[in-house]
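Residue numbers (our numbering), protein chains in the order written: chain A, 1096 to 1414; chain B, 1096 to 1414; chain C, 1096 to 1414; chain D, 1096 to 1414; chain E, 1096 to 1414; chain F, 1096 to 1414.
It should be emphasised that the hints constitute simulated quantities derived from the structure, not laboratory data.
These numbers come from a predicted model, not from an experiment.
The reader is advised that the hints may include incorrect statements.
To be verified - Taking lysine to any residue pairs in the SDA-like style, the calculated list, with each CA pair at most 25 Å apart, reads:
{"hint": "1", "chain 1": "B", "residue 1": "Lys1264", "chain 2": "A", "residue 2": "Lys1319"}
{"hint": "2", "chain 1": "E", "residue 1": "Lys1190", "chain 2": "F", "residue 2": "Ile1308"}
{"hint": "3", "chain 1": "C", "residue 1": "Lys1307", "chain 2": "C", "residue 2": "Asn1332"}
{"hint": "4", "chain 1": "B", "residue 1": "Lys1192", "chain 2": "B", "residue 2": "Glu1343"}
{"hint": "5", "chain 1": "F", "residue 1": "Lys1386", "chain 2": "E", "residue 2": "Asp1189"}
{"hint": "6", "chain 1": "E", "residue 1": "Lys1169", "chain 2": "D", "residue 2": "Thr1165"}
{"hint": "7", "chain 1": "D", "residue 1": "Lys1192", "chain 2": "E", "residue 2": "Asp1171"}
{"hint": "8", "chain 1": "B", "residue 1": "Lys1232", "chain 2": "B", "residue 2": "Arg1296"}
Claimed, not checked - Here are the computed distance ranges between Cβ atoms for each label pair:
{"hint": "9", "chain 1": "E", "residue 1": "Lys1364", "chain 2": "B", "residue 2": "Lys1166", "range": "20 to 30 Å"}
{"hint": "10", "chain 1": "B", "residue 1": "Lys1338", "chain 2": "E", "residue 2": "Lys1364", "range": "24 to 34 Å"}
{"hint": "11", "chain 1": "C", "residue 1": "Pro1275", "chain 2": "F", "residue 2": "Arg1266", "range": "36 to 46 Å"}
{"hint": "12", "chain 1": "C", "residue 1": "Lys1198", "chain 2": "A", "residue 2": "Asn1261", "range": "30 to 40 Å"}
{"hint": "13", "chain 1": "A", "residue 1": "Lys1166", "chain 2": "B", "residue 2": "Val1106", "range": "46 to 56 Å"}
Quick reminder that beta carbons are idealized off the backbone N, C-alpha and C, glycines included.
There are 6 protein chains.
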Amino acid sequence: MGEIMIKMNPVEKGPLKYQRLFERFVAGSEGNVIIQMQRLGIQTTFITAVGSDPFGEVIISTLNSEGVDTKFVKIDSKHPTGLYFVQRGYPVQDKTKVFYYRKGSAASFISESDIDEKLFDSIDMFFLSGITPALSKQCRNAALKVIELCNKKNVDFVFDTNIRINLLKTRKTAMNILKPFIENSKILFTGVGDLKFLFGRELETNIKELRKIAKNAELIIVKKGGEGSTCFDINQNTIVEHKAFKVEVEDEIGAGDSFDGTFLAAKLKGYSLEECLKYANAAGAITVSLKGDIEPLPNWNDLKLFIEMYEKDKEKLTR
Amino acid sequence: MGEIMIKMNPVEKGPLKYQRLFERFVAGSEGNVIIQMQRLGIQTTFITAVGSDPFGEVIISTLNSEGVDTKFVKIDSKHPTGLYFVQRGYPVQDKTKVFYYRKGSAASFISESDIDEKLFDSIDMFFLSGITPALSKQCRNAALKVIELCNKKNVDFVFDTNIRINLLKTRKTAMNILKPFIENSKILFTGVGDLKFLFGRELETNIKELRKIAKNAELIIVKKGGEGSTCFDINQNTIVEHKAFKVEVEDEIGAGDSFDGTFLAAKLKGYSLEECLKYANAAGAITVSLKGDIEPLPNWNDLKLFIEMYEKDKEKLTR
Amino acid sequence: MGEIMIKMNPVEKGPLKYQRLFERFVAGSEGNVIIQMQRLGIQTTFITAVGSDPFGEVIISTLNSEGVDTKFVKIDSKHPTGLYFVQRGYPVQDKTKVFYYRKGSAASFISESDIDEKLFDSIDMFFLSGITPALSKQCRNAALKVIELCNKKNVDFVFDTNIRINLLKTRKTAMNILKPFIENSKILFTGVGDLKFLFGRELETNIKELRKIAKNAELIIVKKGGEGSTCFDINQNTIVEHKAFKVEVEDEIGAGDSFDGTFLAAKLKGYSLEECLKYANAAGAITVSLKGDIEPLPNWNDLKLFIEMYEKDKEKLTR
Amino acid sequence: MGEIMIKMNPVEKGPLKYQRLFERFVAGSEGNVIIQMQRLGIQTTFITAVGSDPFGEVIISTLNSEGVDTKFVKIDSKHPTGLYFVQRGYPVQDKTKVFYYRKGSAASFISESDIDEKLFDSIDMFFLSGITPALSKQCRNAALKVIELCNKKNVDFVFDTNIRINLLKTRKTAMNILKPFIENSKILFTGVGDLKFLFGRELETNIKELRKIAKNAELIIVKKGGEGSTCFDINQNTIVEHKAFKVEVEDEIGAGDSFDGTFLAAKLKGYSLEECLKYANAAGAITVSLKGDIEPLPNWNDLKLFIEMYEKDKEKLTR
Amino acid sequence: MGEIMIKMNPVEKGPLKYQRLFERFVAGSEGNVIIQMQRLGIQTTFITAVGSDPFGEVIISTLNSEGVDTKFVKIDSKHPTGLYFVQRGYPVQDKTKVFYYRKGSAASFISESDIDEKLFDSIDMFFLSGITPALSKQCRNAALKVIELCNKKNVDFVFDTNIRINLLKTRKTAMNILKPFIENSKILFTGVGDLKFLFGRELETNIKELRKIAKNAELIIVKKGGEGSTCFDINQNTIVEHKAFKVEVEDEIGAGDSFDGTFLAAKLKGYSLEECLKYANAAGAITVSLKGDIEPLPNWNDLKLFIEMYEKDKEKLTR
Amino acid sequence: MGEIMIKMNPVEKGPLKYQRLFERFVAGSEGNVIIQMQRLGIQTTFITAVGSDPFGEVIISTLNSEGVDTKFVKIDSKHPTGLYFVQRGYPVQDKTKVFYYRKGSAASFISESDIDEKLFDSIDMFFLSGITPALSKQCRNAALKVIELCNKKNVDFVFDTNIRINLLKTRKTAMNILKPFIENSKILFTGVGDLKFLFGRELETNIKELRKIAKNAELIIVKKGGEGSTCFDINQNTIVEHKAFKVEVEDEIGAGDSFDGTFLAAKLKGYSLEECLKYANAAGAITVSLKGDIEPLPNWNDLKLFIEMYEKDKEKLTR
């Protein structure tokens, strides 16, 4: 569940003020995760809301084209589809700034009544990110109902803190809003920036603090960008790590989502945690090496080819 | 006074759903009128509000680049710059459909306090369209204050009905909101579509109804698209008409604004009503023959060259 | 059933030799018909074959995005997805020339074994065009099996002659290949160019010749481009006609498909023959007024808006 | 002989001031004529000069790619290749305005010494337009030497008045400069705009005046744009006319050149004057229907297909 | 004071010969400096000349849009606006080659009479680069008059050697022309390439030679590209240095101008020399990280954000 | 001799599935080699075949524009011009995947009868790559005839192994097909990837194996990508090496061809082996630093400027 939006991406890098040509993409953190899972062979269903406008149609047909089940996508005739503009590579190279038109969007009006209890009988896992409860009061209540139903129906609740400073503003608000989701998650994703924002200390200490809150977590995965990633296996009390694959960053957005989706799909397919991290790191590396959100999400063949060429043989003939 | 927005124009014609590449323009009915006047040598000042975001900067620097005085452009840090998307040529060729993200925009929060009484001491004319009072309660009050100050300071109040069905919804609402502006205008612009929406009868009858309401009007100008335009000179009790210049329609948007701005500038420069209509028609024709809002607005040289080549000599050597 | 291909469309008009920039589209006569029907609310299934290459993926995800059932799309690892290049507007304005890379394509290897008899238990109608039996011997046999199964399972067999001179070469070959399909069709579409190629006389005579062959037809619809269309209701022994809506031709390709799909959908929705022709003509007109094959295919709302604005009120306010 | 330049063509129509994206073309009246002839199977040689800069390389490789002999193209290391910018469709739709950077260009320094007498032993025809003698004193002298050598070596001297107001300024200058070329031409092309500029009367009278000056002409061809063309066969004392083929004008530039080249090639191939005019009109029509100068120049196959479809059968199947 | 030109930038990198698509920019060293200062809150006035052509209009409206006072921009109806083409990334990656059409441009006809003495009563600082005196004899005289008036009116004369080999050809000419400007500058900017060209020795020695000539200088700033920059404070007899911020070079042009403008603005705002260098280095780094001249020039907010993220916290959340 | 094809290059990097805009290029290994030689002043003739379609015309006019003699380019009316699509930068950054439509192409029908014995009387060198014999049985026979004629007429036979895994599939097939060409070559080019595929051991051993087979070779050149290149001078029994010039890889395709062409041209111009390798490495580096195949091929001036700036003076002023 989450908001999928229309992303207007300037064709050129630089200050948004001077951009004149924009490409329209479909984007949104949870949507990326779900499409990555679907692409890796996991059947998914997405709960969201779009406006009854052409951008809403774009989102639904994009999900359909990827094979995601769209029967829980609500078409809201009163509120428009969420939208944002991106400023790429300015003032800091490789970094992106975002300007939202998401206030009052259709997805911010998702409410408890949009969560169909029956759905929880047929699923193994429910993915949510820290964005959804931060969108609006109603979205938060809907998200809390998700926890309740996961617990009731024995569905694995997966959470990524995925902090949007623009929505959560302060550490205190962030902690208040995210706490119940961190507490209830079985698999918990987070990143070094999020941890710093939430706890404000050194990485080691931040992780300790998080583990105290995440009482139900069986796996906690910390994404560290160019430093790779670490997975804490709480039950086994072990730590698994994997270095990042070195690529040149073209567009950092979407890498974390690609990571999450790949990790979860690999997990569901029965791979070891080491392999899950390796595939997730590879997916993240491929995603940052290219523009776009959904477009660079790799399938199994491409993930494997990527790892093979990186680990073994860069001179492999491919033509 | 009015709202200037960012217009996202798909590069290709067709259903918005399939458009992927958009060009960013600056657009807005009153802004077009004012820039057309400035381009024709009339010094103008614009009252509006933009967000404190890159799109707001774009609007201010565009007005500056045209020489319009921007000291009354408010930068509103709480509300974003208005935005809209355009669907061109579908389903009806040459027609445009608009999808707005203007609800809650900076300009919709323009209020009485943004109207500086002193400004009215130094101007000859104040232009307003039917869009502004339809934006919000506050905008309406600001617009009513404009009428009051025009009357008090003896400034010519110019009004264009310019109905946006999207904002005014029904005939009754439209009439309620527009009536005081029609009543108080000294120069009144309208179009056949607007008249039909307001009065619902034959053009002749519609005009009669309008004249009843427009008690203070000295000039009433009816724009009739491909049929040209008619000007009722109330004081002289005469009617002046001018045929449209035949061009192929590329983009109908902005033609009416170009017409208004040219008519007013020609009037202020002392041209006869016949000449005012001719120049205004020429400006409208040039504007519909090209894409864009501000871009095709002609200067005096180009207006004169256009009329000369249309009226006299299509074989004129120009290289 | 039919071939869907990748269409490489030069961004500019003119001789293909000088074109450098191409847009990739998904196109194919039967695919257009089926997507038009799906867009108008008819559930459809498509039988085709694509290569196991990125272009094959594009075709499947396009069909999915439109809601067409793709379970009968075969992925052929030995033959590539069909492809063609288009030359637009040269040497004759508004006309298109086509350069194919479809020989040996995956779809040309569709054979009888790809026709699943069970499918025929659950469908009302089967659409085929003259292209499919002309692709290859195997395709022809598959198409003949379709007739047999339609007859056996009491499914309406719908056929469009849709002659490709490039594939059928001579009148004699064309007649030999198309005859069984014309004979067995219950609803038969054709066009004035096709009739001229098949029978080589005046339109009236050509139609008479066709009617002699089409022994089982209940409806014969003749598409006449800018002249509109005529439907012969054989059972009622009546003729229904509808004029074309006048639009400027941007790209003639796909208009006939859009016509067929709309006529069939309207028929299945229970509209009268007059209405079916009107909607089909409107769909054709919208399609020729824009570039692209699938993109301009209209839904019911847009069809109705188009007809309303054309028939009643061109000045309707739409903003 | 003549100047070939780099033409910077804005991608969009409208005031040059707002254009940001330009396409680079190779253009120039005499170059178009020569390439059209080469494309129609006549072996040609071109005398010109370019700068020793990348744009000079572009021009040479373009001539080479078309098969034109470039051994008389001088590379001038002191002066740059000529250049111009185009404003399309503003203020008058379908009309083009030109902004030159050709002053001091390499071609304006072509002089008598660049005219190799031996060349005249191996050619049948020499083509020159009114642009070349107007470029500079040196160019005029070079052009006068061409006349002298044509007379001496019995080569047909062909001239097109092709007036550039920008270079010739007044009627008097134009007449002074062009007179010797008109007097000496064996085949003379002109247009209604040129005639009006030179003689300033009605078309009939203008033509009479021209015929008085063109003492050596055997053929005088008057191009009348949308009205077609007329050929005066002086020796036979007959007049041949041909209507224009009606197409929508996309870009008028180059149509006259395409006309000249086609007429001359058809003449050299032995066609009758009627056929020469028909092919020349067809070539002109195809050229105005598309953007670009060299690109739309048709070959024999396309010319014949165009005429067949226009004269006989618009419904011809072409796929 | 200086020349602002139209820059035609190929969309793709590589040999100019193969480039077909160009973007139009406004560029020119002194213009960049002045716009950078204006963007950082310093009110500026620009002395230049443009042609009375659309490119001249572009330059004036660009300066207006940035808030630069344009009352001293002369519109010259006899000479065109200067123009140049750029070859990017070939043959040396990251390097740019320039092809000028600036000979005989409007700006090269700036003369003493264009320097208005009264202007010097109201300004604190006058900026000039080594390009202006190299443009033409007249420009040199105008530039010499600037020195004279600066001295007379006690205005700080700021000079950047900014050598254009294309204009100055040899070391001797360069020295002759630049000497009076170096001698009279109060603040003097130069770069390692310029120093090498002028003195031809090791950097240390070159700087010593320069200091001998720059008798009136209070500050000498040496820009060292990727090595950062050094400022010699002559009065204090101290040396301040600052390392470059490491970014990937996208387009080196304009970096020096951005550096100068930022240094001067920071100085006028009262920052310490250390801070001036830091901001100037940051501005240079941002500028080289993006294409374009004016577009990437940063404002204070973006400069500070850049430095903060580089110096402290690359993981700062920005969404 | 070899196949030149049309290459469709997506404008953006990423999975081919999501690419919508493609640029058309002319490409083909042997064509690149020949054009590089021609650009460096060696007169060349090319034997190939193209379809009688617009893409065939493109290839011929491209060769003409570069000055390559095209009299041995066969136009085959039965088979189309070869074509391929490229996927750039996915899944591995900087790597390219290729999707061919070359099966049954005109060039694959080149046969012995297309090899004109007389040609061999007038040439010094014949270049062939491992692609040609792998295209088809006929091509192999034609290639074998080339060896025979080279031997008979004392023409230097030059061969590049240039393995296409797509065509040769297994090591065994590759060895069978390539052996006679390796055996007969006087100058032999190969690369580390090719050697690994052929012999499957360490580089040193692979080279030894190759030398055993290449019994007639006088020079064997091993291209090692970012590691530079090595030339074995068999007669002198010496080894010459040259490091690669470090550039950022934009598009690896074509680098080897540019290397070969430059090495051969330098050799024919009489440069030492050291210089041949240096120029060849420089050409390879320039080629990988830019997109395109033919476009980045450098001429002598640019090669020398590149080497000068890399080896001596990166701060050289170039404006």
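Do the hints match the structure? See the list:
no. : hint                              : in the structure
1   : Lys1264/B x Lys1319/A             : violated (52 Å)
2   : Lys1190/E x Ile1308/F             : violated (44 Å)
3   : Lys1307/C x Asn1332/C             : holds (14 Å)
4   : Lys1192/B x Glu1343/B             : holds (19 Å)
5   : Lys1386/F x Asp1189/E             : holds (14 Å)
6   : Lys1169/E x Thr1165/D             : violated (43 Å)
7   : Lys1192/D x Asp1171/E             : holds (20 Å)
8   : Lys1232/B x Arg1296/B             : violated (29 Å)
9   : Lys1364/E x Lys1166/B: 20 to 30 Å : holds (23 Å)
10  : Lys1338/B x Lys1364/E: 24 to 34 Å : violated (60 Å)
11  : Pro1275/C x Arg1266/F: 36 to 46 Å : violated (51 Å)
12  : Lys1198/C x Asn1261/A: 30 to 40 Å : violated (55 Å)
13  : Lys1166/A x Val1106/B: 46 to 56 Å : violated (34 Å)
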